Amino acid sequence: MNARLRLPSPRGTFRVWQRNMTIFRKYWKTIMFPNFVEPLLYLAALGLGLGAFIQEGGINGGTYVQYIAPGLLASNAMFAASFESTFNTFVKLKIDRIYDAIVTTPINAEDVVAGEYLWAGTRAALYGTGFLAVLAVLGFTLSPEAPLVASWWALLIPPMLLLIGVMFSVMGTLFTSLIQRIDLYAYYFTLVVTPLFLFSGIFFPVENFPAPVPQIAWFTPLYHAVNVCRELATGPSPVVLVDIAWILVFTLLLALLPIRFMRRRLIS
Amino acid sequence: MSTEQERGVRARESTLFARDLKKSYGEFQAVKGVDFEVYRGECFGFLGPNGAGKTATMKMIYGAAVPTGGELRVAGLDVTRHERDVKRRIGVVPQENNLDDDLEVKENLLVYGRYFDLPKKVILRRADELLEFVQLTDKADAEVEQLSGGMKRRLLIARALINDPEIVVLDEPTTGLDPQARHLVWERLRELANEGKTLILTTHYMEEATQLCDRLVIMEGGRIVTEGSPQQLIEEHVSPQVLEFRGRNGSLERLREVIEAEADAVEQAGESLLAYTAGADALLEKVRASGVEVENTVYRQAGLEDVFLRLTGRSLTD
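Residue numbers (this note's numbering), protein chains in the order written: chain A, 1 to 268; chain B, 1001 to 1318.
Same shape as in the complex, but just chain B (with noise of 0.2 Å):
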């Protein structure tokens, strides 16, 4: 993607640095060892499976998790050494709404603002205008209960936006949003990264990692499996062309055999089987050939979801 290479290039300016970054809860280890670099004004995902690592990475960049190993630095700043000063760098949209059911919605973010110790003027001043951002002015007056689940998830990123942090982390901003509620959050949120705001966010969604995210890494058991802009991913992981068969009485076994014999990669997604491929042509031509019974079969280019498919264990052949 050209944003990518036109921002790397503008600044290369490290502002959050992690090296053998690593964290147990008991015997438990939640992060093996982790590396990554991101630059002043990127917006860098993090993906992967449930348990894979992820919340405890972004626990430890905004202070609700101390590092067992490693290093990490936010902002510059060494978490551990600098606990307060990081905190007060930063923007936390969390993945659970906690937002203060006592408070108003304007009052929510006065109280917050104050946690920053910023003036008052300043507070109200950009209340107002956050208000504006998240198209949350109206409800100014509203209580909490109040607001449907899209608007509480705007008014956690208008609350992490209080003290005009220099990075945001977002923990799965759009989890439980219906779509449309999705694309104003992620209209906001390509602003936030236009204004030269770094981003750092975690979701299950492929396709918003592909629209927001320059880069991304994949994790997997603790680990970091890959990173990448979206479209080297796709390059480098899985070849450009994807079928999707769908296999009727049980004859999934046997067409697996066809498609393996031809395709790059086969994986299987429940009881469909994915064929990666350059050939789409070819192969459909060898599969209606073998005989093999095809309820449906659809064809698409290869997107985000393969590669994560591919390298979070769940592929049949290399």
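Same shape as in the complex, but just chain A (with noise of 0.2 Å):
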């Protein structure tokens, strides 16, 4: 029944992600503040305190800081996107019902999923850049010999980051399309989140472990997301293109799962 696929139309997206930008706009000094904090203080408890431990070249002939530094652009928009798309998504879903007043008007359900989709990119890409924007000048005031963002390809950075933060709302959105309480993300965080955080190379590299921890890292998401920001401020090599296109495939794969879980829970 009603097994037709919908497509997403651009103009009713962009209405939704407009939405969104325009209370973003009025409240994005308080929202972004703890976003830029939060880094900041692994940076400097890992980087900075555990780093110390950590002999000079121990990891790809760089210091322990910029090792960690670009993992952490990459888990910083997981982090974001996925908060988007799990408790603020919920809310609006079930709390504010913000969505039943949208779908009344010319915009369909499944515009409001990918202009959700775009929005917890876009706010991925927001916080990102200003992140990227501390560690690039942070980098090169504390130690200009040893950068944390060595490369120009690093302005490519953003635009990676959008489309992660695309990718983890998909799967942020995936769950919250199938839950009906608020407490169960405890186990989306739990179980999805920070196993991803911890065991995807961000603060070590998860290729010197014993087989099958390698492999099964490669199907994870964030792994592929910490490689491409790194390679993005180091300087890239053509492997990135693999990464990036791994989160095209899995993006693209999983994105209308949730379009139609979230279609049946909007419209009866």
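Don't read these hints as lab results, they were simulated from the structure.
Since the structure is predicted, the reported quantities are computational estimates derived from the model, not experimental observations.
From the three backbone atoms N, C-alpha and C, an ideal C-beta is built for every residue, glycine too.
Hints should not be assumed to be uniformly reliable.
Residues of chain A clear of chain B, computed beta-carbon distances all greater than 10 Å [to be verified]: (1) LEU40; (2) ILE107; (3) VAL242.
Taking lysine-lysine pairs in the DSBU-like style, the calculated list, with each CA pair at most 35 Å apart, reads [what the hints assert, rightly or not]: (4) A:LYS94 x B:LYS1121; (5) B:LYS1022 x A:LYS94; (6) B:LYS1139 x A:LYS26; (7) A:LYS29 x B:LYS1152; (8) B:LYS1121 x B:LYS1197; (9) B:LYS1032 x B:LYS1139; (10) B:LYS1121 x B:LYS1152; (11) B:LYS1139 x A:LYS94; (12) B:LYS1032 x A:LYS94; (13) B:LYS1120 x B:LYS1032; (14) B:LYS1139 x B:LYS1120; (15) A:LYS29 x A:LYS94; (16) A:LYS26 x B:LYS1121; (17) A:LYS94 x A:LYS26; (18) B:LYS1286 x A:LYS94.
Now that you have both chains on their own, put them together as the hints suggest.
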């Protein structure tokens, strides 16, 4: 019943994105601040604190801070998009009933979901750009001989964070479209987001682990996001195209599923 | 009512049409095949107890539910084939408040107007006019949370009008409002009807239906049980006079026997018996003569509420 494939319209997608942007512009200072601070805390604690115990030249010939900084850019995007597509989307769906109001206008359920994907990606890119700027400036002022962002290719990081954000939004929205109670997000964050954060090559190279750990890592999304950010921050090799292709294929394959499930929740 | 006839003669142009319309949720049949037709400029009501299928019917009209069977045309368009176009032509006032709490009062209208792709100038002009219309101009910059229940409902009405819709669908527009707020909403809705908008509404309040509706249907168990103007329905289904008796010390049963012999029909509503008759005086005489103890008796004209009680399954006699 009603199995017809429904693709979002660009116009409707934009209107939903625009609604979120309107609100973001009112509150962006308060919204953005914690997202800046968190990665800096990781850098300070792990990069400088733990890093002091790690020999210079220990990982890929750079300092430990240099190693983890680009990875934190990727995980920051994951967290931003994940919160957006879980708690924020849940509130709009079930508590404030924002989507119920929107789908009685010419905007359809599929546009709502696509608009939220795009918005989560935008938010991830906005946070990431701020964070990237901080890294670049901080790196050059603290140690010009070992900058945290060493390549002009890093200018491509913000658009990549948009894509990474969309990918994690698709995952978060899929979970949101299946649950009825907000406390179930503990499962998503503990069993999906946190393991990805710890085992995707941000803090240590997973390649050094015995099989099948690297093989498993290859099939997870943040691993590729971290690779992309690290490559772009230091000057990429062609291998980065494989990571980008992985992200694109994974995102496209999964994107229609939440659209279907969310439509079923909004239109009976 | 004369307005109904006048409008009916003036423009018999159909704007909402349903034939054998059905809606099932899994095994449950919420709407079991209904037919109705609404003409441009009419105010048309759906009445019925909870679970009668009113809201399911509304949802199919405004695209929040997909019909399981039958035909439904809104503003001349088939709802399953022209989803977006139908939604472009209607305004929806939902049963539950779903205003955007993150936006101020006027921003709610501006953002909503963008969903319809209206030009910015048009949205700004209409937003001001509509705030004026629902008497919220001085609340334009207020947070939605600061509004009272009545103000929120008026803002929902203003929001539903931002696209200048042909048809306005209102699902229980005054439920939960105090009498002053309710009268203010009625006044605004009458003004919309006078402007020629088609209004489709559901309500639990018989007074509301009597005040606003040119024609209405009463639904029960997913079916339409009757259709007509409020006056027609009263004439058709109940006797013109009603006596309400409150029994004392379990005298209700004996009282019923006395009344049933005399009245056209008897209904029980809680601890009261309602007797429908064309001769109230004679009935009252009979009750007095019988010697049954009666606590309180009220005489009134029959209304839509009586039709409703009659047709939705609380009838004792026929």
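Structure-based check of each hint:
{"no.": "1", "hint": "LEU40", "verdict": "28 Å, holds"}
{"no.": "2", "hint": "ILE107", "verdict": "5 Å, violated"}
{"no.": "3", "hint": "VAL242", "verdict": "40 Å, holds"}
{"no.": "4", "hint": "A:LYS94 x B:LYS1121", "verdict": "33 Å, holds"}
{"no.": "5", "hint": "B:LYS1022 x A:LYS94", "verdict": "27 Å, holds"}
{"no.": "6", "hint": "B:LYS1139 x A:LYS26", "verdict": "19 Å, holds"}
{"no.": "7", "hint": "A:LYS29 x B:LYS1152", "verdict": "29 Å, holds"}
{"no.": "8", "hint": "B:LYS1121 x B:LYS1197", "verdict": "23 Å, holds"}
{"no.": "9", "hint": "B:LYS1032 x B:LYS1139", "verdict": "44 Å, violated"}
{"no.": "10", "hint": "B:LYS1121 x B:LYS1152", "verdict": "25 Å, holds"}
{"no.": "11", "hint": "B:LYS1139 x A:LYS94", "verdict": "27 Å, holds"}
{"no.": "12", "hint": "B:LYS1032 x A:LYS94", "verdict": "29 Å, holds"}
{"no.": "13", "hint": "B:LYS1120 x B:LYS1032", "verdict": "43 Å, violated"}
{"no.": "14", "hint": "B:LYS1139 x B:LYS1120", "verdict": "21 Å, holds"}
{"no.": "15", "hint": "A:LYS29 x A:LYS94", "verdict": "26 Å, holds"}
{"no.": "16", "hint": "A:LYS26 x B:LYS1121", "verdict": "22 Å, holds"}
{"no.": "17", "hint": "A:LYS94 x A:LYS26", "verdict": "23 Å, holds"}
{"no.": "18", "hint": "B:LYS1286 x A:LYS94", "verdict": "58 Å, violated"}
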